[in-house]
Each structure stands twice: as C-alpha cells, then as structure tokens.
Amino acid sequence: MQALADRLADGALAGWPAVLVSAVVISLYALLVFTFFSVTAGVLSWVERRVAARMQSRIGPNRVGPQGFLQWLADGLKTFLKEDLVPDGADALLFRAAPYFVFTGTFLTLVALPFSSHVIAADLNVGLLYVMAITSLVVVGLLMAGWASNNKWSIIGGMRSAAQIVSYEIPAALALLVPVMLAGSLSTQQIIARQGAIDWFVFHDPFTFVSFWIFLISATAEGNRAPFDIPEAESELVSGYNTEYSGMRFLFFFFAEWETYSSSARSPRLHSSADGRSRSFRREAGSTDFSKYWCSFPNRSFGCSC
Amino acid sequence: MTSGYEITGIAAAAWLATALVTMVAAVGVAVLRNIVHAAFALLVVLLGVAGLYALAGADLIAVLQILLYVGGVVVLLLFAVMLTSRMGDPEVASQPLAPLRAALAVTSLSALLAYGLIVSTRWRDVDAPHIVGTTADVGEAFLGRYLLPFEVISVLLLAAVVGAVVIARRDSRSEREIGERRR
Chain A
1 MQALADRLAD GALAGWPAVL VSAVVISLYA LLVFTFFSVT AGVLSWVERR VAARMQSRIG
61 PNRVGPQGFL QWLADGLKTF LKEDLVPDGA DALLFRAAPY FVFTGTFLTL VALPFSSHVI
121 AADLNVGLLY VMAITSLVVV GLLMAGWASN NKWSIIGGMR SAAQIVSYEI PAALALLVPV
181 MLAGSLSTQQ IIARQGAIDW FVFHDPFTFV SFWIFLISAT AEGNRAPFDI PEAESELVSG
241 YNTEYSGMRF LFFFFAEWET YSSSARSPRL HSSADGRSRS FRREAGSTDF SKYWCSFPNR
301 SFGCSC
Chain B
1 MTSGYEITGI AAAAWLATAL VTMVAAVGVA VLRNIVHAAF ALLVVLLGVA GLYALAGADL
61 IAVLQILLYV GGVVVLLLFA VMLTSRMGDP EVASQPLAPL RAALAVTSLS ALLAYGLIVS
121 TRWRDVDAPH IVGTTADVGE AFLGRYLLPF EVISVLLLAA VVGAVVIARR DSRSEREIGE
181 RRR
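If you're matching them up, the sequences are chains A and B in order. Under my numbering, the first residue of the first sequence is numbered 1, with each subsequent residue one higher. Under my numbering, the first residue of the second sequence is numbered 1, with each subsequent residue one higher.
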C-alpha cells in the first residue's frame, strides 16, 4: 500500500503532502479489508452452520432467504439490538476490553497476508513471524475474557482455549518454517513468489507435504473447529470463555473465530500457493488483482488450499 | 518499505506516545494491587516496548518481543496466577514489602545503568528512520561472528528446559506422595 501511496504522491496527487496521501490510502485500504472480512465472517457463519448441520444430520438455518442464506444478516441485526450485559461481580474494564484483544489479534494478521502480488497492507520483511506473533493477542484476550467474567466455567473455558492455541502454535510454527527455509525469506510475498503456477512447495518433496498437513491440522485446532472443539464443550462448559457475553461483544469473539478460520486458511497458501493458480488465471484473463483474489476465495474459506 | 519522505514529525510523535503509554503501564505494573490487572499492565508495557523497537527500525526484535513476551511470558504469568488455588479471590493483592528501600535501590541502579548506556553509546544523527530488514543480518551474525556465544546460549537454554522438566516432575511426584499419605 505504501508503494501505491508513493505512486499517487508522485503522480496524480503531486501537490498533496505525501504523509496525508499515504495516511488516506492506508485508511481506505484498512476500511476495505475490515468491511470485506466482516461480511466474509458473516457468510462463513452461514456456510459453517449449514455444512456442519448436514454433516450431523440436522437441517440448520434454512428459513431466512434462499437456503437460509440471509440468516447471518438477521442474526447480526439481532445481536446489535441485544442488551450489552456486564455480569454483576465481573471485572468491568477487562470484561469490556477482552473482545477487542481477540478481534485485534486476528485482524492484525491481515496486515501481512497478501491478497495478490500488489494488494497487501505491508509486505513486512518479517511477515510470517509477525503473523505468528500478533495472534498471541488472541490468547491473552481469551484468558482476559475468561477471568473477567467472574464465572468458573468461563475461566476454565478460557484456559482450555488458550492452552489449546498455545500448544498447537508450536507445530504450526515448525511446519511454517519449512516454506520459510525453502524460500529463504520470511516475507509472505517472497514465499509466494518463489513458487510457480504448479510447482507449489507442498509438492516440493515428501517433507513439505507432511508439514503442510501438520499445519492444516494445527490451524484447525487453533480455530477451535471440530474435532478440536474441546474448549467449547457445550455440555460441560456452556461454551467456555464467552458464556457471560451478550450482544455485539459475544459476536466479536465469533468474528474473530471465523476470521482466524479464514486467515489460517490463507496461510497454507504460503505452502501450496493457490496464488500460483490464480496468477496463471490472471495471465489468461489479463484482469485485475481481484480476479486472483476471488479465484482463491473458495480455497481460503474452506481451509483447503490445494 | 523504505520511506523516502520526511516523517520525522510523525515518527517523533508516535515514539513519544508509545513511550508515554509504556511508562504509564510500567507504573501500573508496580502500583496496581490486583495481580491480574498488574499482569495485563505488563502486557501493555511489553507491547509498548515492541512498538518502540519497531519505530527504531528493529523489525525482527519487535516481532520476537511480541512472540516471546506477549505470547509466552505474559500467557505463562496469567496461567500461573489463574491456576493458583485462590485465583477467584480479589483479596489476594500484591503489596510492596519495603517500598522506600525498593524504590531507592531500583532508581539508583537504573540511573547507573542509564548513565553508563548514555556515556558508552556512540550517538550519531540519522535523517529519517529507514526501515530495512534486519533478519538476514541477524542470522548471519549469529551463525558467523557470534557463533560461539550463540551455541553456548543454546546449551544454556537446553539445560534450563531439562531442569524445568526435572523440577516439574519431582513436584508432581511429591504431590502424589502427599496425597497418598493423606489417604
């Protein structure tokens, strides 16, 4: 984005102060990404509820709109209108702050995860390490939520979630080291650039293949998805750290969860580079960067990049 | 990533704001009575320090600071606090034992340290903070010039990890023995 800002400052908006131009460009990009992923999280919530329902011989939401597609909008509206409760005896400050920690931790990963070879917030030199690091805010937020709720199920749930994320971060990080060493760079753009249209790292040799699956499993665990949904444990913990939350604060956790889902689905691209496929697609179509993005969209949302 | 234009004003403002937040939170760590609040204040301190590293152009150190301290140390601290048997009891407050003596010792030591650092550093003027990647340089330094210290530290850390496992195992066994004796 800095490159775009620089180009604008040199070209069309030459008279404007460069700092202002880059600030506006970055803010607009942030707004775009933010909105896009909020909507994606909503759609993903519907997809997940329908697909999981079908897998478990249930029906799932099917009343609002075609196939219940508008259910997520209805639910979003509903949670907006709900009362924002802070339980009696809860630590009000930490209770209110916790959802933001979780939300920020997941959304900040989008800074270094690219949409295409040009559309990226910042091609950080330490990109992959940054993604691993910034998600630790999520762990802290979960512990904060569990503790501040003043409820023993919440605290046990929070600690279970945090323990699960912390433990699966290690295999995830070690598995991500493989593409880093192959590419010789931590920058997400560099790692993707070292892979071609077909010669993805995942098929480079047996070890990368194994490490890709290790990463996929760890990412599923970090996203709290079955069969790694021990922290949720509806029957014993009443769904864990978010038990005491209501309204938008409750939804913030799920925004973050679906976003984790989505961004952990983006990371294996560094392994297998679905990007490569879309790059060749773009060459054929000669279209904009968005074609690449939309092309890899199904891969991203289903956590299966190859 | 290299920013050619002048951002010294904004960079200075960001630096000052980050430093201010860090220092306020650091005071909070020392002063807050609720130990969990103190732990979260420590989180803010560590994030602030990471921000200062990033503003100084040390990208790798900033990210590692978040990865190790926020993701590791603070989480470990919180687990330790929350797993203690009186975790729900807000009366378990952290209280200074000898505030005056502690303040005196800390201030004099840090003043000494700051003085030494200020005198020994070779200061030079830099126009604008140029952000260049430091990862490759750090890696080459570790595996080149500083190979021996690097390896020695890794052996030390290995010893620490093994020691931690040994201590943890002995604890659990002795707890089991205590439990059996009670029965």
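Because the hints were derived from the structure by calculation, they are not lab data. All C-beta atoms, glycine included, are put in the ideal place defined by N, C-alpha and C. Hints should not be assumed to be uniformly reliable.
[Said to hold, decoys possible] Some, not all, of what chain A presents toward chain B, calculated at C-beta under 10 Å:
hint : residue
1    : VAL86
2    : LEU137
3    : GLY146
4    : THR220
Original post:
Measuring from the C-beta of THR220 (chain A) to each C-beta in chain B, is the shortest one below 10 Å?
Top reply: violated, 20 Å
Original post:
Is the hint on GLY146 (chain A) kept, meaning its closest Cβ partner in chain B is under 10 Å away?
Top reply: Holds, because the Cβ-Cβ distance from GLY146 (chain A) to chain B comes to roughly 8 Å (cut-off 10 Å).
Subject >> Interface hint outcome for VAL86 (chain A) [beta carbon to chain B under 10 Å] >> reply: Since the shortest Cβ distance to chain B is 16 Å, the answer is violated.
Original post:
Does LEU137 (chain A) meet its interface restraint, that is, does its C-beta lie within less than 10 Å of any C-beta in chain B?
Top reply: Holds - the Cβ of LEU137 (chain A) comes within 10 Å of chain B, reaching about 7 Å at its closest.
Figure legend: structure checked against the earlier numbered hints; hints not met, in rising order: 1 and 4.
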